[in-house]
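J.: Based on the provided sequences and hints, a complete structural model is requested.
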Amino acid sequence: SQTAGELSSRVKELDNTKHILQEAHDLAQGVITIHHTVNTCNEALLNDNVDDAAKDIAKIREIKQKYPKICEVCDNATMKESKRLEDEVCSSVRKAFDRAIIGADKDGVSRCARLFYPLGMTTEAVAR
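So for the sequence shown, my numbering puts the first residue at 1; every next one is plus one.
The hints are simulated quantities; they were obtained by calculation from the structure and are not laboratory data.
These figures come from a predicted structure and were not determined experimentally.
Heads up, some of the hints might be wrong.
[To be verified] Distance condition first, Cα-Cα at most 27 Å in a straight line; then the derived DSSO-like pairs of lysine-lysine:
id: 1; residue 1: 106; residue 2: 95
id: 2; residue 1: 69; residue 2: 55
id: 3; residue 1: 55; residue 2: 83
id: 4; residue 1: 55; residue 2: 66
id: 5; residue 1: 80; residue 2: 69
id: 6; residue 1: 59; residue 2: 69
id: 7; residue 1: 55; residue 2: 12
id: 8; residue 1: 59; residue 2: 83
id: 9; residue 1: 64; residue 2: 80
id: 10; residue 1: 69; residue 2: 83
id: 11; residue 1: 66; residue 2: 18
id: 12; residue 1: 64; residue 2: 95
id: 13; residue 1: 18; residue 2: 55
id: 14; residue 1: 95; residue 2: 55
id: 15; residue 1: 59; residue 2: 95
id: 16; residue 1: 80; residue 2: 95
T.: Structure (structure tokens):
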């Protein structure tokens with residue numbers, strides 16, 4: 001009976017350790033993904049590919065939301081760069097949307113409007 005209790009306690013301890021290690025692994029994967037996505041977002045912007053850049057920003061936002069502690073473990077330079085990129089992409093989408101509206105470009109309006117949601121700009125889209 002005592003041995004069974006000790007084994008049960010040990011199994012619970014190992015299960016808890018496994019859970020902690022899984023969380024650490026997932027957080028590390030999040031950091032790696034943010035680094036990679038910041039790079040691909042920069043490339044997309046260099047190629048004037050706002051659609052892909054917006055998808056990258058949405059991915060970064062999703063990771064930050066999923067792992068609130070990621071800002072504590074990811075380097076400051078990457079976090080600042082991700083914020084700068086988000087601001088730049090949002091600004092580019094706003095400008096493209098405004099140009100499309102002024103130019104009565106229905107396809108352009110539609111393309112830009114699609115990007116408002118993944119960028120977290122839905123209320124802004126309605127206001128425009």
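J.: Against each hint, give a clear statement of whether it holds in the structure.
T.: Hints, one by one, checked against the model:
| no. | hint | in the structure |
| --- | --- | --- |
| 1 | 106 / 95 | holds, 15 Å |
| 2 | 69 / 55 | holds, 22 Å |
| 3 | 55 / 83 | holds, 14 Å |
| 4 | 55 / 66 | holds, 16 Å |
| 5 | 80 / 69 | holds, 15 Å |
| 6 | 59 / 69 | holds, 16 Å |
| 7 | 55 / 12 | violated, 41 Å |
| 8 | 59 / 83 | holds, 13 Å |
| 9 | 64 / 80 | holds, 13 Å |
| 10 | 69 / 83 | holds, 16 Å |
| 11 | 66 / 18 | holds, 20 Å |
| 12 | 64 / 95 | holds, 26 Å |
| 13 | 18 / 55 | violated, 33 Å |
| 14 | 95 / 55 | holds, 18 Å |
| 15 | 59 / 95 | holds, 22 Å |
| 16 | 80 / 95 | holds, 23 Å |
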